[in-house]
Amino acid sequence: MAHHVEGSRNSCAQHGALQLFESIEGVIPVIHSTSGCGVQHYLGVTRLTGGNDPFGSPPVSSSNIAEKHVVFGGSSRLREQLKNTVKVVRGDLYAIVTGCSTEMVGDDIAAMTKEGRDQDWPVIYANTPGFSGDVHNGYHLAVKALIEQLPGIWQSIGEKQSRLVNVWGIIPNQDPFWRGNLNELGRLLEGIGLVPNLLIGSGQGIASWKQLPEAAINLVVSPWGELPARMLEELYSTPSIQLQGLPVGSEAGILLRSLTEQLGLDPLRTELFINREEALLNHQFARLADSYYRAGFQREFALVGESSQVVGISEFLGKYFGLLPRSLVITDNPPDILREALISRLSAIVPGYDTEVIFSEDRSEITDVVRKGGAQLILASSLELDVAVESGVPFLAVSFPLADRIVLDRGYAGYRGATALLEDIGSALLAFSNGRYAC
Amino acid sequence: MSPLRAKAPRSREKRLDTLGAWLGPVSAASTEFAGDEIAQRIRTFSQSSHDDLLFALRILAGIRDSVTLVHGPRGCAAAGLNHIAAGSNTRWAVTNLDERDTIMGADSKLRKSVVALYHRYHPAVVFIVGNPVTAINNDDIQSVVEELREELKLPIIPVYVTGFSSRNAVSGYDTVLHSLLKYLSGHIVPTLKNETVNLLSVAEHPQDRKEAQELIEQLGIELNVIPDDSTIDVFRLAVAARASIPLSPDAPEYLGAILHKIYGVPLIDVLRPVGIEGTGRWLKSIAAFLGKKDVAEELHGSKAAETVRQLGDFSLKGVKTYISLSSANAFSVLELVEELGGEVAGLTITHLDRLHVRHLDELAARHPSLQIHVSDGQAFEEISILRKLAPDLYLGDSTHLGQVARIGIPVVSLESLAIVGYRGVVRLVRRLKTALANNSYGHSVGKINSAYQDEWFRRSHNWHIKQEVK
Chain H
1 MAHHVEGSRN SCAQHGALQL FESIEGVIPV IHSTSGCGVQ HYLGVTRLTG GNDPFGSPPV
61 SSSNIAEKHV VFGGSSRLRE QLKNTVKVVR GDLYAIVTGC STEMVGDDIA AMTKEGRDQD
121 WPVIYANTPG FSGDVHNGYH LAVKALIEQL PGIWQSIGEK QSRLVNVWGI IPNQDPFWRG
181 NLNELGRLLE GIGLVPNLLI GSGQGIASWK QLPEAAINLV VSPWGELPAR MLEELYSTPS
241 IQLQGLPVGS EAGILLRSLT EQLGLDPLRT ELFINREEAL LNHQFARLAD SYYRAGFQRE
301 FALVGESSQV VGISEFLGKY FGLLPRSLVI TDNPPDILRE ALISRLSAIV PGYDTEVIFS
361 EDRSEITDVV RKGGAQLILA SSLELDVAVE SGVPFLAVSF PLADRIVLDR GYAGYRGATA
421 LLEDIGSALL AFSNGRYAC
Chain X
1 MSPLRAKAPR SREKRLDTLG AWLGPVSAAS TEFAGDEIAQ RIRTFSQSSH DDLLFALRIL
61 AGIRDSVTLV HGPRGCAAAG LNHIAAGSNT RWAVTNLDER DTIMGADSKL RKSVVALYHR
121 YHPAVVFIVG NPVTAINNDD IQSVVEELRE ELKLPIIPVY VTGFSSRNAV SGYDTVLHSL
181 LKYLSGHIVP TLKNETVNLL SVAEHPQDRK EAQELIEQLG IELNVIPDDS TIDVFRLAVA
241 ARASIPLSPD APEYLGAILH KIYGVPLIDV LRPVGIEGTG RWLKSIAAFL GKKDVAEELH
301 GSKAAETVRQ LGDFSLKGVK TYISLSSANA FSVLELVEEL GGEVAGLTIT HLDRLHVRHL
361 DELAARHPSL QIHVSDGQAF EEISILRKLA PDLYLGDSTH LGQVARIGIP VVSLESLAIV
421 GYRGVVRLVR RLKTALANNS YGHSVGKINS AYQDEWFRRS HNWHIKQEVK
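Protein sequence lines correspond, in order, to chains H and X.
For the first sequence, the numbering used here begins at 1 and goes up steadily by one.
For the second sequence, the numbering used here begins at 1 and goes up steadily by one.
It should be emphasised that the hints constitute simulated quantities derived from the structure, not laboratory data.
Model, not experiment: these values are computed from the prediction.
Just so it is clear, CB atoms sit at the ideal spot from N, CA and C, and this is done for glycine as well.
Worth double-checking, as some hints may not be accurate.
[What the hints assert, rightly or not] No farther apart than 25 Å at their CA atoms in a straight line, the calculated lysine-lysine pairs in the PhoX-like style are these:
| hint | chain 1 | residue 1 | chain 2 | residue 2 |
| --- | --- | --- | --- | --- |
| 1 | X | K292 | X | K210 |
| 2 | H | K87 | X | K210 |
| 3 | X | K466 | H | K68 |
| 4 | H | K68 | X | K388 |
| 5 | X | K261 | X | K7 |
| 6 | X | K7 | H | K68 |
| 7 | H | K87 | X | K388 |
[Stated by the list, open to error] A few chain X positions that, by computed beta-carbon distances, are all more than 10 Å from chain H:
| hint | residue |
| --- | --- |
| 8 | L81 |
| 9 | L117 |
| 10 | H205 |
| 11 | A405 |
| 12 | S416 |
| 13 | Y452 |
[Stated by the list, open to error] Facing chain H, from chain X, some residues (calculated, C-beta under 8 Å):
| hint | residue |
| --- | --- |
| 14 | G24 |
| 15 | P25 |
| 16 | A28 |
| 17 | T31 |
| 18 | A77 |
| 19 | A79 |
| 20 | T90 |
| 21 | A93 |
| 22 | E99 |
| 23 | S113 |
| 24 | F164 |
| 25 | F380 |
| 26 | D397 |
| 27 | T399 |
| 28 | Q467 |
| 29 | V469 |
Sequences are here, hints too, so could you generate the full structure?
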């Protein structure tokens, strides 16, 4: 039985599904639920990711069921809403997502979807009641719906493309830096001659999802990408390469080398590319050395975020930037079987140093852990700003929710992300040490 | 029978014939509301809009020293993050109901959560907020509440919002206020009347509340402000006050009516203090009621002169303005736009009911053809209307300003801009000036395509609004 959560940052399954569908160009979510679900999503998720609002409003179609639908069923209301959505809203694909109320009432969503298909409308559906889990589960449900139902609309499956890579596991908005992170992963893959299939974000529409079966490999960068990768392996025998976290800095080089080996790419080209990126990053480190020592950058830090973020950022800061990971809080509830591995990996970042690794999504528990840890730099969500102010230490918002940052194309993955991270952390530390940021 | 005996108040539709969907000239609205029978309208295509749960959370975000526990699935508390980002000090929690809980019930989970939150924060009050899941399951919140009130000696107030029983989110304000008053009515020793006066401020911008408060205090009146930024103790004073002043005639209507009906606290009938004349009228009506007429005349005279001086030669002459706001706000901003010399091209208001009849009648006499659109969140209709009217300026507070911007009209958001009182006029004018002086951002955003099919724009704006068949 799940516990209550204070200041929950993982919202619900319906919102996770909405996030995924909204991040694919041309996909129009059709919410079949009470009227407030879409507004909760807008206020509690979209608004707090620094600029990820595809429609300029909450999702543009919602059946807004009323009391009579709760009593007598809401299927006919969905039928009407779907028919009119196709007429009012431009879209390449309409994706029905349900809410708690319509699932409890037992509306037959599959039947309504089939009716729509019989009219030749491109419609899919996902049963996404909020009580079925959090955003991560919602991401799974939406991705699963796409993988399973798209071939029923567009049958043609093309030939395998030996260089095509599907990228999985970055949850739009839940990772506020998702666009930047994906762009950088795409750039790195292209750098060694691969063709990225990023699936979400700018320029990513139904065409990207149609070519899922054609990919040579799945690149999985968080525990949440494992399910779609496994589905594609079963359906289309696509192999996968699985990371526990975002590759930040030189970790990206390691990834590129293993992809090169696995896909039989030109190792010379890969080395050339990595060397150029490494040289640049090394120069970035060197250029900030004066500030680093003068302002006392080297310190213990606390990091609160999703597992892929915590792994990527803390390893980069610990293994390459001399910082000490004091308290690491993982907020995305990764499956139990992964937790031991995460703890042993993260505790070993700086040998001989005592790193505390905690799994929690509860604001008060996280606040206690961060406060007790006594770190001198807090990298977390805006929910932890209070404890930073109270502790009088510098703060940088890096995870969802973000109340005070605009994030459009910034990312912390890869080599460019490492540079961005150095800029942002360095700026936060300097502003603080100069007394211009009154924490 | 006391209206407070019920678990929740009757919805606004039932009490005031509130409509959430309507489109037509103000003269037709005025005629319709002059009759006895108001037909409810529904939409055959709709977009997300606020529900009573969200409006309940708005009030709870402002109650001091409180814990708000949403007893439901996790997403029902998502908006809490937005309130935290906006500075709410309320402690937000959700019981996080899963599939099993929706089948088996979750009383013990609720119980455990309240006890844990009580021991962590020792708050002055805990609110337990309903939602679609607990409403459909008919979870027994009440017995947990009563048991724990005894055990913890703590005010625990259940708020029975449902997300679907009213089509008008504003009903959620009534539900919270009903619950608060209901709790107090059983836990209050009747006291002698005190000399204080209530300022009824419901989910207002803090600066708006402060502005109104300062103005009344200059009349030499001591105030209890409820429910915004108040505590349970202020409510205890409020039931014995001399009178209540609403900061808006709409949102606090139920609160004012109950204070009057049950506790004999008269409600002063005033509109919203927006605009120079509007603020003056508000002050003078209050002063007349409380026997302070001269002080108010003098105060208005000096404040109005000072405001006019600060506005300089600013005028909205020739600027066709579209207004899209919550209902009471919209009618008062309309008056302000006209006071500034502007012309109102049309109105979108969140709901329309018997509380607005005087505005409808007054406007029907002056501008019978002025178009009124009733909608919360129905951006597709608004965009279609705006494309046709092509106003020069848009004032709004909805969640779809990003869509409006894409038509290229200068937009001023009133969501976090305080416009009450004399200072509010100055603040708004500063915003209007900047918006009108440079719309280059509007042009940049306007290069993004609209989300809608061209076919939709060829339809009448009210194509999807139908009379409800009962």
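Hint-by-hint comparison with the structure:
Taking the CA atoms of K292(X) and K210(X), the gap is about 21 Å. The hint holds against a cut of 25 Å. The hinted pair formed by K87(H) and K210(X) fails the criterion: a straight-line CA distance of about 47 Å is larger than 25 Å. Distance check on the hinted pair: K466(X) and K68(H) sit about 16 Å apart at the alpha-carbon level, within 25 Å; holds. The straight-line distance between the Cα atoms of K68(H) and K388(X) is roughly 35 Å, outside the 25 Å bound, and the hint therefore fails.
For a cut-off of 25 Å, the pair hint linking K261(X) to K7(X) stands: about 18 Å separates their Cα positions. Between the alpha carbons of K7(X) and K68(H) the distance comes to roughly 20 Å, so the proposed pair stays at or under 25 Å and holds. Distance restraint check for K87(H) and K388(X): the Cα-Cα separation of roughly 20 Å lies within the 25 Å cut-off, and the hinted pair is therefore satisfied. A cut-off of 10 Å between C-beta atoms contradicts the statement that L81(X) is not in contact with chain H; the least separation is 5 Å.
Non-interface call for L117(X) relative to chain H: violated, since the shortest CB-CB distance, roughly 8 Å, does not exceed 10 Å. With a closest Cβ-Cβ approach of about 16 Å to chain H, H205(X) is found to remain outside the 10 Å limit, as its non-interface label requires. The non-interface label for A405(X) is inconsistent with chain H: the shortest C-beta to C-beta separation is roughly 7 Å, within 10 Å. Its beta-carbon lying about 12 Å from the closest one in chain H, S416(X) satisfies the requirement of being farther than 10 Å from that chain.
The beta carbon of Y452(X) is not kept farther than 10 Å from every beta carbon of chain H, the shortest such distance being approximately 6 Å. A least Cβ separation of about 21 Å between G24(X) and chain H goes past the 8 Å threshold, and the interface hint is therefore violated. For P25(X), the interface hint is violated, the least distance from its beta-carbon to any beta-carbon of chain H being 24 Å, above 8 Å. The criterion of a C-beta within 8 Å of any C-beta in chain H is not met by A28(X), whose closest approach is roughly 25 Å, and the hint is violated.
Annotation: interface hint on T31(X) violated; nearest CB of chain H at approximately 27 Å, more than 8 Å. Using the Cβ-Cβ criterion of 8 Å, the hint placing A77(X) at the interface with chain H is satisfied: the shortest such distance is roughly 6 Å. A least Cβ separation of about 4 Å between A79(X) and chain H falls short of the 8 Å threshold, and the interface hint therefore holds. Interface restraint check: T90(X) against chain H, minimum CB-CB distance 10 Å, threshold 8 Å, status violated.
Hint on A93(X) holds. Least Cβ distance to chain H is approximately 5 Å, under the 8 Å limit. Hint status for E99(X): holds, given a least beta-carbon distance of 5 Å to chain H, under 8 Å. For S113(X), the shortest C-beta to C-beta distance to chain H is roughly 4 Å, which falls under 8 Å, so the interface hint holds. Interface restraint check: F164(X) against chain H, minimum CB-CB distance 5 Å, threshold 8 Å, status holds.
Taking 8 Å as the C-beta cut-off, the interface hint given for F380(X) holds, the closest approach to chain H being about 6 Å. Interface restraint check for D397(X): the shortest CB-CB distance to chain H comes to about 13 Å, outside 8 Å, so the restraint is violated. Given hint, T399(X) at the interface with chain H, holds; its Cβ is 5 Å from that chain's nearest Cβ, closer than 8 Å. With a cut of 8 Å, the hint placing Q467(X) at the interface with chain H is violated, because the nearest CB-to-CB distance is about 15 Å.
The criterion of a C-beta within 8 Å of any C-beta in chain H is not met by V469(X), whose closest approach is roughly 11 Å, and the hint is violated.
Going down the numbered hints, you'll see the structure goes against 2, 4, 8, 9, 11, 13, 14, 15, 16, 17, 20, 26, 28 and 29, while the others check out.
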